[in-house]
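*Asks:* Protein chains in written order, with the working numbering: chain D, 39 to 243; chain Y, 39 to 243; chain Z, 39 to 243; chain B, 39 to 243.
Just so you know, these hints were derived from the structure itself, not from any lab.
It is possible that some hints are incorrect.
It does not matter which identical chain is meant; a pair holds if it fits inside one copy or across any two.
Computed cross-link-like contacts, DSS-like style, restricted to lysine-lysine with a CA-CA straight-line distance of at most 25 Å [claimed, not checked]: (1) Lys53 - Lys214; (2) Lys126 - Lys62; (3) Lys215 - Lys159; (4) Lys62 - Lys228; (5) Lys53 - Lys228; (6) Lys195 - Lys126; (7) Lys159 - Lys214; (8) Lys215 - Lys62; (9) Lys126 - Lys214; (10) Lys92 - Lys155; (11) Lys195 - Lys62; (12) Lys195 - Lys134; (13) Lys40 - Lys134; (14) Lys196 - Lys53; (15) Lys214 - Lys92; (16) Lys53 - Lys239; (17) Lys126 - Lys196; (18) Lys92 - Lys126; (19) Lys134 - Lys196; (20) Lys138 - Lys228.
All figures in this text were calculated on a predicted structure; none of them were measured in a lab.
Number of protein chains: 4
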Amino acid sequence: MKVLVTGFEPFDGEKINPSFEAVKRLSSSIYGGEIIRLEIPTVFYKSIETLRSKMCEEQPDIVICVGQAGGRARISIERVAINIDDAKIPDNEGQKPEDKPIFFDGENAYFSNLPIKKIKKELEGIGIPAEISNSAGTFVCNHLLYGLMYYIERDFKKTLGGFIHVPYLPEQIIDKKGNLPSMSLENIVKALEQIIKTSIKESIT
Amino acid sequence: MKVLVTGFEPFDGEKINPSFEAVKRLSSSIYGGEIIRLEIPTVFYKSIETLRSKMCEEQPDIVICVGQAGGRARISIERVAINIDDAKIPDNEGQKPEDKPIFFDGENAYFSNLPIKKIKKELEGIGIPAEISNSAGTFVCNHLLYGLMYYIERDFKKTLGGFIHVPYLPEQIIDKKGNLPSMSLENIVKALEQIIKTSIKESIT
Amino acid sequence: MKVLVTGFEPFDGEKINPSFEAVKRLSSSIYGGEIIRLEIPTVFYKSIETLRSKMCEEQPDIVICVGQAGGRARISIERVAINIDDAKIPDNEGQKPEDKPIFFDGENAYFSNLPIKKIKKELEGIGIPAEISNSAGTFVCNHLLYGLMYYIERDFKKTLGGFIHVPYLPEQIIDKKGNLPSMSLENIVKALEQIIKTSIKESIT
Amino acid sequence: MKVLVTGFEPFDGEKINPSFEAVKRLSSSIYGGEIIRLEIPTVFYKSIETLRSKMCEEQPDIVICVGQAGGRARISIERVAINIDDAKIPDNEGQKPEDKPIFFDGENAYFSNLPIKKIKKELEGIGIPAEISNSAGTFVCNHLLYGLMYYIERDFKKTLGGFIHVPYLPEQIIDKKGNLPSMSLENIVKALEQIIKTSIKESIT
């Protein structure tokens, strides 16, 4: 059983991205699954290509992409990605698409095929606040999840795939205004390991 | 150097109170100071009496009271307590005072004499989000800080005293609505240890 | 030019629903368009049927459905509806579907074909805070927008359709906890009239 | 019966201040009271002097100061002012005091003597969300309330005085990030008129 887990490069002026900080700290083997880690550029299309290329090479059973959702308080399990790029800030190569479809021959939206409700329940069971999210936004996170599920539907039909948004780390909110939530890196890592475990159990059955 | 650190009993239907959970986990010696831990009943007046009695017995150099401020995202260093009890929920013995002065012969308010700005800065220096708060509310937390500073002004003039509000723990927000912030127990403990250290440094100079 | 504007029945224990309160107060003629008002039951499927039946009868050029999004601060212009019903609370007839597709033969999602960006810009031009929303949730609001666009794609190809979420009214937050945003009924009505105007301009060109 | 009602100049880069926008629109006579309007500079000490000078001239029975509290959702009735200036941003003349007492011979804090609980109740009775606030901050709003009550205690013992914080206007949040609450100018004016009425009733009895 191979599990590909990705995190993003920092973006929007941040020095770190909690998603890849957590992915880096994952054990190399979880619940019998081999963990393959990948950092994804925060760039439209290049992100999808980086992921697809690794999927071709590794043929993973499960793909879990992770991204930062600054301002959210809980581990946020994405349900769906929509066929639109609409950026309010530029990506890491300066692209700022507005209201553009991602793939002209794609569906309007794709649903993650991870067991999202079980993941929520099992995270809460180990004391981690979690929620189902119905929007991954319209920036590179939604873009990547859309690309992942587009290629799963075409070329990797047996693969489970989905996207997890994680809160800011505590140190990221120090210089920001407002009552912004955060989550410790330890708890984000613990959450990802549980998500991998739940996904492996689902994949086996 | 003796440092008395207090936390509260759970209240308002909660099963745990992050303040005493964190206080329990403090080392018994921090930066050369002997740490004395005390759980305080979440009850008007009984809280102050429990604290005053321990202060008489131990004659601490520093008193740091800790309480839960559900909904706050940062370690919250209280600046001031006001001479009013005004409860929206009953305390743990069913008392629910409305707009009552705490001590008729007390000042309208007392300021904490901890180095609150230094504490904020040093917490941020170790990656913990912190803020100065100008209100500890009008429930038992404000009540206890008021009582602490009232007695410091009268009977313990050399003692440093103050109040720290801490966020919910992650597990406390699981069943609550909304995008509620939380902080891991590890980070709350780390924060309290830093606060004790900064206060000891201040006390020595 | 006919414009059908719908609001919902109160739900979730509320006594009023700001959406239909505002729809009731719309002028019967706006920018040359005849305004047809309709109250929709907050019930899965019956909501869509009520709307479809009225659309068959009136053959409107534009359909704007309005719903309450308690907790949002701005007029929220929905971009997309997804093919899922997933209720956390029962609808007004006690149904509480979980993770069920709305129409088995429908797309994964439909996009509103209202000029959502122009609407946002023109609302802001008259001093009303507005935002594009990428999720109408998974309750009856998303359900109705999904049904609307499903039937527009099949049977009413020239019709413009979309969904507007409005904040709580000020009186609705009085007995609720927290720093909840609201919007005055006057401003919600003013916003809907501007949205109708912008949509009519789009429909003509 | 004379009622002096003050609002502030815009500050912090804002073009308007909802407090004086609302004060300007008050009727000149409310519930038998003559309404005197005054704009206060958002400047430490000059604000208090402007107010005190007008109080000497007019000898009002009631003084209600109004200020903007960006981010609050409700009409916020201040309970208390504390003897500290601690500015995070400069005032309108560039002063930025840190941890300075306002008056060396003043109390640690003064309580408003308006009927704050009745005001809350009567505002809610007319559909306006209201709350008691236990902190007016440490900027010019707290400074002015402190100065008002300091002089009431010394020189205007029969005068009722207090401070009301009002939310942003809807147009002020358009270009700001986040789910910021606001209140319509009409509702702020309606709230102030009710507050004046409740205060006059209290003053008579």
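*Asks:* All hints are to be evaluated individually against the structure, with a verdict given for each.
*Replies:* Tested hints:
{"no.": "1", "hint": "Lys53 - Lys214", "verdict": "both (14 Å within a copy, 24 Å between copies)"}
{"no.": "2", "hint": "Lys126 - Lys62", "verdict": "neither (28 Å within a copy, 35 Å between copies)"}
{"no.": "3", "hint": "Lys215 - Lys159", "verdict": "between (32 Å within a copy, 16 Å between copies)"}
{"no.": "4", "hint": "Lys62 - Lys228", "verdict": "both (13 Å within a copy, 23 Å between copies)"}
{"no.": "5", "hint": "Lys53 - Lys228", "verdict": "both (22 Å within a copy, 23 Å between copies)"}
{"no.": "6", "hint": "Lys195 - Lys126", "verdict": "neither (33 Å within a copy, 31 Å between copies)"}
{"no.": "7", "hint": "Lys159 - Lys214", "verdict": "between (31 Å within a copy, 14 Å between copies)"}
{"no.": "8", "hint": "Lys215 - Lys62", "verdict": "neither (29 Å within a copy, 31 Å between copies)"}
{"no.": "9", "hint": "Lys126 - Lys214", "verdict": "both (19 Å within a copy, 13 Å between copies)"}
{"no.": "10", "hint": "Lys92 - Lys155", "verdict": "neither (27 Å within a copy, 37 Å between copies)"}
{"no.": "11", "hint": "Lys195 - Lys62", "verdict": "neither (27 Å within a copy, 50 Å between copies)"}
{"no.": "12", "hint": "Lys195 - Lys134", "verdict": "neither (31 Å within a copy, 31 Å between copies)"}
{"no.": "13", "hint": "Lys40 - Lys134", "verdict": "neither (34 Å within a copy, 37 Å between copies)"}
{"no.": "14", "hint": "Lys196 - Lys53", "verdict": "neither (36 Å within a copy, 44 Å between copies)"}
{"no.": "15", "hint": "Lys214 - Lys92", "verdict": "neither (36 Å within a copy, 39 Å between copies)"}
{"no.": "16", "hint": "Lys53 - Lys239", "verdict": "neither (35 Å within a copy, 32 Å between copies)"}
{"no.": "17", "hint": "Lys126 - Lys196", "verdict": "neither (35 Å within a copy, 31 Å between copies)"}
{"no.": "18", "hint": "Lys92 - Lys126", "verdict": "neither (28 Å within a copy, 38 Å between copies)"}
{"no.": "19", "hint": "Lys134 - Lys196", "verdict": "neither (33 Å within a copy, 31 Å between copies)"}
{"no.": "20", "hint": "Lys138 - Lys228", "verdict": "neither (36 Å within a copy, 30 Å between copies)"}
Comparing the model with each earlier hint shows violations of hints 2, 6, 8, 10, 11, 12, 13, 14, 15, 16, 17, 18, 19, 20; every other hint is respected.
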